[in-house]
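This is what each chain is made of:
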Amino acid sequence: MIRGENIVKIFDGRRVLDDVSVKFDAGKTNLIIGRSGSGKTVLLKSLVGLHEIDEGNIYFDDLCYTQLGFKERKVVRKDIGMIFQGGALLDSSTVEDNIRLPLDLFTDQSFEEKMERVNFCLKRVNLPNANKLYPAELSGGMIKRVAIARAIVLNPKYLFCDEPNSGLDPMTSIVIDNLIKEITEEYNITTIVNTHDMNSVMEIGEKIIFIHEGKKWWEGTKHDILQSDNRELNDFVFASAMAKRAKANM
Amino acid sequence: MKFFETLGRYCILMGKVFARPEKWSIYRNRIMVEMEALGYNSIGIAAIISIFMGAVVTLQMAINLESPFIPRSLIGYATRETMILEFSSTVVSLILAGKVGSNIASEIGTMRITEQIDALEIMGVNSACYLIMPKIVATVLFFPLLSILSMVIGVFGGWLVAGFTGIMMPDDYVDGLFYCFRIVSIVYSLVKIAVFAFLITSISGFYGYYAQGNSLEVGRASTKAVVISSIAILIFNLILTQLILI
Numbered sequence: 001m002i003r004g005e006n007i008v009k010i011f012d013g014r015r016v017l018d019d020v021s022v023k024f025d026a027g028k029t030n031l032i033i034g035r036s037g038s039g040k041t042v043l044l045k046s047l048v049g050l051h052e053i054d055e056g057n058i059y060f061d062d063l064c065y066t067q068l069g070f071k072e073r074k075v076v077r078k079d080i081g082m083i084f085q086g087g088a089l090l091d092s093s094t095v096e097d098n099i100r101l102p103l104d105l106f107t108d109q110s111f112e113e114k115m116e117r118v119n120f121c122l123k124r125v126n127l128p129n130a131n132k133l134y135p136a137e138l139s140g141g142m143i144k145r146v147a148i149a150r151a152i153v154l155n156p157k158y159l160f161c162d163e164p165n166s167g168l169d170p171m172t173s174i175v176i177d178n179l180i181k182e183i184t185e186e187y188n189i190t191t192i193v194n195t196h197d198m199n200s201v202m203e204i205g206e207k208i209i210f211i212h213e214g215k216k217w218w219e220g221t222k223h224d225i226l227q228s229d230n231r232e233l234n235d236f237v238f239a240s241a242m243a244k245r246a247k248a249n250m
Numbered sequence: 001m002k003f004f005e006t007l008g009r010y011c012i013l014m015g016k017v018f019a020r021p022e023k024w025s026i027y028r029n030r031i032m033v034e035m036e037a038l039g040y041n042s043i044g045i046a047a048i049i050s051i052f053m054g055a056v057v058t059l060q061m062a063i064n065l066e067s068p069f070i071p072r073s074l075i076g077y078a079t080r081e082t083m084i085l086e087f088s089s090t091v092v093s094l095i096l097a098g099k100v101g102s103n104i105a106s107e108i109g110t111m112r113i114t115e116q117i118d119a120l121e122i123m124g125v126n127s128a129c130y131l132i133m134p135k136i137v138a139t140v141l142f143f144p145l146l147s148i149l150s151m152v153i154g155v156f157g158g159w160l161v162a163g164f165t166g167i168m169m170p171d172d173y174v175d176g177l178f179y180c181f182r183i184v185s186i187v188y189s190l191v192k193i194a195v196f197a198f199l200i201t202s203i204s205g206f207y208g209y210y211a212q213g214n215s216l217e218v219g220r221a222s223t224k225a226v227v228i229s230s231i232a233i234l235i236f237n238l239i240l241t242q243l244i245l246i
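Chains as they are written, first to last, in my numbering: chain V, 1 to 250; chain A, 1 to 246.
One should not assume that every hint holds.
[Said to hold, decoys possible] So the derived label-pair ranges between C-beta atoms look like this:
| id | chain 1 | residue 1 | chain 2 | residue 2 | range |
| --- | --- | --- | --- | --- | --- |
| 1 | V | K71 | A | Q242 | 35 to 45 Å |
| 2 | A | I244 | V | S92 | 33 to 43 Å |
| 3 | V | S139 | A | L234 | 22 to 32 Å |
[To be verified] The following residues of chain V were derived to be distant from chain A, with all beta-carbon distances above 12 Å:
| id | residue |
| --- | --- |
| 4 | K23 |
| 5 | D54 |
| 6 | N57 |
| 7 | E113 |
| 8 | L133 |
| 9 | T172 |
| 10 | V175 |
[Claimed, not checked] For the chain A half of the interface with chain V, some residues (derived, Cβ under 7 Å), not all of them:
| id | residue |
| --- | --- |
| 11 | K23 |
| 12 | M123 |
| 13 | G124 |
Calculated directly from the structure, the hints in this document are not laboratory data.
Every value quoted in this text rests on a predicted model; they were computed, and no experiment measured them.
Note that beta-carbon positions come from the ideal geometry of N, C-alpha and C, so glycine has one too.
Just need the whole structure built from these sequences, with the hints factored in.
Pasting the structure below:
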């Protein structure tokens with residue numbers, strides 16, 4: 001479980017996050033949705049500590065992350081996997097080296113054991129023969145899958161995904177969404193997905209938080225979202241033709 | 001004020017860079033990789049520039065020291081001193097600041113804007129140490145070797161031009177090379193280039209690490225890294241010469 005209490009983040013005098021309190025449940029795919037520039041990426045990066053928040057507290061289970069020092073945070077970070085918008089694979093390393101890096105740095109496993117784990121993760125994301133390829137040789141969908149493999153290689157307790165579908169075609173998006181959902185359930189991970197893709201919301205969203213102008217505007221499930229009378233949420237949700245059709249069929 | 005703010009950020013970054021690495025074996029491998037990328041791959045440019053500069057310095061000396069009262073061997077001596085004292089350390093470093101400095105700043109800057117550094121941080125890796133420390137160690141160890149190579153190739157360039165143009169007897173040139181040889185000159189040169197290597201790599205790493213925004217900003221960071229490294233080299237050249245030779 002991850003909890004944020006009264007989070008405030010200020011950039012150049014502007015409150016990008018304004019008193020946001022959120023709770024993300026373990027074993028569920030939690031979604032943060034909102035328009036571009038609403039503050040959802042800042043919220044996600046604040047939760048993992050890439051942005052220092054100006055006010056409030058963040059808890060990983062019962063541990064207050066914001067009050068931890070650099071060394072103590074490093075311990076927590078070993079339990080965190082993150083998938084970045086562009087994949088963020090190390091360009092100079094092969095797929096295999098990218099996935100093995102956390103194992104090299106933080107485990108005492110033998111090379112064979114590490115390779116076994118790398119191959120298992122690659123197989124799990126349906127890329128069994130991509131070991132020796134470089135990121136520049138991969139398609140957008142493959143990059144995302146390698147990023148997922150790298151994120152799960154240390155068996156994380158928390159998985160953060162920043163717009164995992166951006167730049168992908170609808171078919172590949174569904175594959176990535178389902179992969180994230182399966183992994184969440186398989187390993188009982190607390191997963192937080194940052195997205196503005198309504199397909200993802202309807203496919204994998206178990207708990208949804210809507211961020212608007214730096215504030216938490218709405219919270220609920222994918223079933224609640226279509227019946228909400230919140231104007232800003234409806235403007236966002238029904239901008240998508242798919243959601244419009246879903247509402248018409250209700 | 002901006003200068004002190006930047007200096008403060010640089011010092012804080014260096015604190016992170018020289019923190020205890022997560023696993024030495026990984027860093028050892030990275031140092032070897034960086035030695036090849038930043039040092040071994042710079043041999044070509046250092047060699048080409050050195051041979052031509054050695055030849056030109058010899059020609060200039062021969063033209064300007066044309067007098068029956070000055071022994072011709074002095075041309076070899078002057079070429080050797082020029083190559084050892086200034087060219088192989090300061091000028092080679094200025095050239096490497098352009099080649100290696102821009103390479104480091106743009107590589108790390110691109111990693112910053114494509115969130116690769118964030119990915120390392122999320123893994124629990126000290127990204128500053130992981131990315132910058134192996135580069136610093138690699139260049140501080142390898143650049144002195146480049147300097148020695150530059151000295152040897154530079155004086156060889158002078159010997160070649162002496163022999164092929166007939167401006168002087170190659171034997172006189174060789175006599176000059178061994179005239180009044182002081183080992184302290186070599187030590188001075190090697191200490192200088194080791195310090196310059198640290199400056200080039202750390203300053204370029206600093207500007208790359210704090211790059212923000214888009215590819216334009218990476219380009220600006222790269223340019224800034226080269227300019228500031230070059231100025232730092234010139235300032236430290238003055239300081240080290242005062243400290244070691246005088």
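Consistency of the hints with the structure:
Taking the beta carbon of each, K71/V and Q242/A are about 41 Å apart, inside 35 to 45 Å as hinted. For the pair I244/A and S92/V, the beta carbons lie near 38 Å from each other, so the given range of 33 to 43 Å is met. Under the hint 22 to 32 Å, the C-beta atoms of S139/V and L234/A, about 48 Å apart, miss the expected range. Consistency note on K23/V: stated as away from chain A, and its beta-carbon is indeed over 12 Å from all of that chain's, at 21 Å minimum.
Distance check for D54/V against chain A: the nearest CB is about 19 Å away, which clears 12 Å, and the non-interface claim stands. With a least beta-carbon separation of about 20 Å from chain A, N57/V lies farther than 12 Å from that chain, consistent with its non-interface assignment. Interface exclusion of E113/V from chain A stands, the closest Cβ pair being 15 Å apart, more than 12 Å. At roughly 17 Å, the least C-beta separation between L133/V and chain A is larger than 12 Å, which holds for a residue marked as non-interface.
No beta-carbon of chain A comes within 12 Å of the beta-carbon of T172/V; the shortest separation is about 20 Å. The beta carbon of V175/V is kept farther than 12 Å from every beta carbon of chain A, the shortest such distance being approximately 22 Å. Checking K23/A against chain V by beta carbon gives a least distance of about 5 Å; that is within 7 Å, so the hint holds. Of the supplied interface hints, the one on M123/A holds, with its beta-carbon coming within about 5 Å of a beta-carbon of chain V, less than 7 Å.
Hint status for G124/A relative to chain V: holds, with the closest Cβ pair at about 4 Å, below 7 Å.
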